Amino acid sequence: MMTTLVYDGSFEGLLTAVFEIYEHKLQQVKIQKWEWLSTALFEDVIKIVTDQNRAGRVLQGLQQRLATASMQRLYAIHMAGFDGEDATIIGYIRYIFDSKINVEEDYGNKYVLRMAELLRMIRREKHRMEAFIRFQKLQDETFYSAIEPDFNVLPLLGKHFKNRYTDQKWIIYDMRRNYGLYYNLHELEFITLDFSTARPDNVISTYTEDEGLYQNLWKNYFNSVNIPARKNTKLHMRHIPKRYWRFLTEKI
Amino acid sequence: MDEKRIIEKLNILADAAKYDVSCASSGSKRKNENKGLGNASNGICHTYTEDGRCVSLLKILLTNHCIFDCAYCVSRSSNDIKRAAFTVQEVVDLTINFYRRNYIEGLFLSSGIFKDADFTMERLVRVAKKLRTEHKFNGYIHLKSIPGASDELMREAGLYADRLSVNLEMPTEEGLKLLAPEKNRQDMIQPMGFLKNEIILRTEEKTLFKKAPIFAPAGQSTQVIVGATPETDHQVLHTANHFYKNFNLKRVYYSGYVPVISDKRLPDLHTSVPMVRENRLYQADWLMRFYGFQVNEIVNGQNPHLDLDIDPKLSWGLRNLHVFPIDINKADLQLILRVPGIGLQSAHKIVSARLFGRLNWDQLKKIGVALNRAKYFITCHSPQFEKRDLTGTAIKQYILSQSQSKYLKNSVTQLNLF
Ligand code: SF4
Chain A
1 MMTTLVYDGS FEGLLTAVFE IYEHKLQQVK IQKWEWLSTA LFEDVIKIVT DQNRAGRVLQ
61 GLQQRLATAS MQRLYAIHMA GFDGEDATII GYIRYIFDSK INVEEDYGNK YVLRMAELLR
121 MIRREKHRME AFIRFQKLQD ETFYSAIEPD FNVLPLLGKH FKNRYTDQKW IIYDMRRNYG
181 LYYNLHELEF ITLDFSTARP DNVISTYTED EGLYQNLWKN YFNSVNIPAR KNTKLHMRHI
241 PKRYWRFLTE KI
Chain B
253 MDEKRIIEKL NILADAAKYD VSCASSGSKR KNENKGLGNA SNGICHTYTE DGRCVSLLKI
313 LLTNHCIFDC AYCVSRSSND IKRAAFTVQE VVDLTINFYR RNYIEGLFLS SGIFKDADFT
373 MERLVRVAKK LRTEHKFNGY IHLKSIPGAS DELMREAGLY ADRLSVNLEM PTEEGLKLLA
433 PEKNRQDMIQ PMGFLKNEII LRTEEKTLFK KAPIFAPAGQ STQVIVGATP ETDHQVLHTA
493 NHFYKNFNLK RVYYSGYVPV ISDKRLPDLH TSVPMVRENR LYQADWLMRF YGFQVNEIVN
553 GQNPHLDLDI DPKLSWGLRN LHVFPIDINK ADLQLILRVP GIGLQSAHKI VSARLFGRLN
613 WDQLKKIGVA LNRAKYFITC HSPQFEKRDL TGTAIKQYIL SQSQSKYLKN SVTQLNLF
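Chains as they are written, first to last, in this note's numbering: chain A, 1 to 252; chain B, 253 to 670.
Keep in mind the hints are simulated off the structure, nothing from the lab. Source: prediction; values computed, not measured. Cβ coordinates follow ideal geometry from the N, Cα and C atoms, glycine included. Fair warning: there could be bad hints in the mix.
[Unchecked claim] One-sided and incomplete, this derived list gives chain B residues near chain A with beta-carbon spacing under 8 Å: (1) ASN291; (2) THR299; (3) TYR300.
[As the list claims (entries may be wrong)] The following residues of chain A were derived to be distant from chain B, with all beta-carbon distances above 10 Å: (4) MET1; (5) THR3; (6) GLU23; (7) TRP34; (8) THR50; (9) GLN52; (10) ARG54; (11) GLY56; (12) ARG65; (13) ALA76; (14) ARG176; (15) THR192; (16) PHE195.
When you get a sec, could you build the whole thing from the sequences and use the hints?
Listed below in structure tokens is the structure:
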């Protein structure tokens with residue numbers, strides 16, 4: 001029989017759900033977040049109440065079976081917020097618990113393989129952000145950037161940019177999820193900004209004077225390095241999909 | 253700063269530098285440990301030109317003034333073009349400001365030859381020194397060394413740059429004589445030899461004394477132009493292999509000649525850029541560096557040119573059908589790596605996954621194997637076996653007919669060449 005588990009979307013909630021699966025010896029399950037509850041009205045539904053204690057026990061079990069890095073990957077995949085992939089995560093965790101040996105690299109298994117795929121998608125998006133973020137220098141010397149990643153990867157970007165720009169203040173703002181990451185020369189913090197008077201992707205009124213100059217120079221550079229005899233639009237588009245263009249100084 | 257003049261300089265000096273392809277930013281491990289700006293440990297492509305090449309570094313010439321007259325070069329002295337030169341400070345400002353905005357990973361600085369080799373090299377070194385010492389810049393710096401520069405300057409360059417390169421330009425000495433009679437291949441090889449020894453020395457020093465300065469941590473690379481002179485792929489890859497082996501080069505770049513000048517010694521101005529050939533050379537280069545292939549297995553006296561319609565690993569597979577089929581569930585990693593359609597990642601995944609059970613076609617496909625090619629060369633835990641005693645020609649036909657779009661388009665571009 002198919003049972004639908006409804007949870008609050010948090011990682012602890014998901015782990016609590018795993019606990020209940022084992023407690024009630026459920027075989028076939030679906031998992032959904034709160035907001036989709038209405039679609040599940042006519043099915044056999046269990047409402048998962050997130051429970052730190054139960055989640056903690058599942059987490060401990062996982063930690064015994066998985067290396068720290070694998071745990072972090074699991075967490076990152078959940079946090080990325082893929083639509084409809086909670087079932088993969090649950091399936092993966094069950095496979096890990098149900099196997100006597102370490103099956104993390106059993107790519108013949110559909111859950112292990114799908115987790116690897118999701119991870120690759122996250123890595124790619126993270127990498128694209130590291131590449132395509134363009135900072136603009138504001139009058140108070142903060143470097144500002146707006147982004148709109150497909151998945152929630154902002155928390156994964158902190159380390160990279162902190163190492164890179166230790167001597168400048170910067171903000172990276174996720175417009176889709178409406179929160180940002182701020183580095184104040186000492187540490188990182190999550191922030192939300194009030195954009196009631198300006199558009200988050202357009203802060204031109206607060207530029208420094210030389211910001212325009214360097215944007216111009218960059219656009220000129222981009223055009224100068226092109227070799228028309230080698231034009232290859234298909235390749236170009238594959239490398240920089242159109243949805244990123246409005247954030248790229250050289251493509252605006 | 254005079255905005256108009258600096259934009260004009262950038263346009264001229266970026267335009268003249270764009271034919272140099274050796275501009276990757278990976279291979280260094282310089283960390284931001286001085287609370288300064290940047291680190292050179294990532295190798296990120298920040299954008300792509302409309303021709304699909306990655307842009308990761310600010311790649312410019314310090315000047316396009318040049319006392320030499322190499323036939324293949326836009327900056328050559330007899331070419332009637334606008335000339336410009338950056339000051340040391342201008343290059344530093346551009347680099348820092350581009351880097352802070354996350355446009356680039358660092359600087360690739362090359363130059364025409366102002367007066368003599370040392371006069372020019374000294375300025376290149378000064379840019380790097382200023383970036384490192386005055387601005388605490390830890391981003392990537394690649395300096396193109398000027399052939400004939402003194403050992404002293406080369407040594408200083410190695411202290412500030414992540415990578416140094418001397419371009420061989422032509423795959424053979426005869427090619428160079430033909431197109432750049434004033435240049436001397438020995439002047440290019442001498443600094444490569446010097447740097448090789450210096451890098452070995454400094455690396456040993458570094459293991460003994462942690463505080464010893466890092467020296468050209470990303471090593472050296474070089475570039476050869478293909479298609480300007482009549483060398484075969486066999487000659488080109490042989491040269492590359494020689495420099496990988498004897499000079500510990502990190503990379504050899506192959507640059508398909510872009511006709512920029514009309515000259516009796518050069519291909520006609522309307523000749524198209526040999527892009528497919530260039531791509532095949534890079535594929536062959538990968539086979540040499542990561543897949544354990546010897547040059548002579550890829551090209552040799554009987555087959556001096558790479559096939560343009562299929563990739564070099566498939567060519568090799570078809571010429572060596574006696575090695576196949578191999579059982580994917582038993583064969584050594586080394587052999588699996590040689591199967592057309594199986595890349596490095598898939599090969600490693602296969603070897604991990606088969607510990608858990610024998611793999612079938614479906615699983616191989618999901619792991620990322622290009623079955624349209626691989627299926628003729630392997631067996632797995634499935635009843636069907638695709639090879640059916642086909643000849644190499646037949647296999648090639650099947651593969652080409654199934655992947656028309658990809659290969660046919662390439663071969664059309666290439667056909668225009670002849
Ligand atoms: S020496 Fe270099 S810059 Fe000068 S013409 Fe020759 S290739 Fe061009």
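Structure-based check of each hint:
Contact between B:ASN291 and chain A, as hinted, is supported at the beta carbon level, the nearest pair being about 6 Å apart and thus within 8 Å. Taking 8 Å as the C-beta contact cut-off toward chain A, the hint placing B:THR299 at the interface holds, the least distance being around 6 Å. At about 4 Å, the closest approach between the beta carbon of B:TYR300 and any beta carbon in chain A falls short of 8 Å, and the interface hint on this residue holds. In this structure A:MET1 is separated from chain B by more than 10 Å, as the shortest Cβ-Cβ distance comes to about 29 Å.
Its beta-carbon lying about 28 Å from the closest one in chain B, A:THR3 satisfies the requirement of being farther than 10 Å from that chain. Distance check for A:GLU23 against chain B: the nearest CB is about 29 Å away, which clears 10 Å, and the non-interface claim stands. The non-interface label for A:TRP34 is consistent with chain B: the shortest C-beta to C-beta separation is roughly 33 Å, beyond 10 Å. A cut-off of 10 Å between C-beta atoms confirms that A:THR50 is not in contact with chain B; the least separation is 34 Å.
Under the 10 Å C-beta cut-off, the non-interface status given to A:GLN52 relative to chain B holds; the minimum distance is some 34 Å. For A:ARG54, the non-interface assignment is confirmed: its Cβ lies about 30 Å from the closest Cβ of chain B, beyond the 10 Å cut-off. With a closest Cβ-Cβ approach of about 30 Å to chain B, A:GLY56 is found to remain outside the 10 Å limit, as its non-interface label requires. Interface exclusion of A:ARG65 from chain B stands, the closest Cβ pair being 15 Å apart, more than 10 Å.
A:ALA76, annotated as away from the interface, keeps every beta carbon of chain B farther than 10 Å; the closest lies near 19 Å. Non-interface call for A:ARG176 relative to chain B: holds, since the shortest CB-CB distance, roughly 20 Å, exceeds 10 Å. No beta-carbon of chain B is positioned within 10 Å of the beta-carbon of A:THR192; the least distance is around 23 Å. Chain B leaves A:PHE195 outside its interface by the beta-carbon criterion, the shortest separation being 22 Å against a cut-off of 10 Å.
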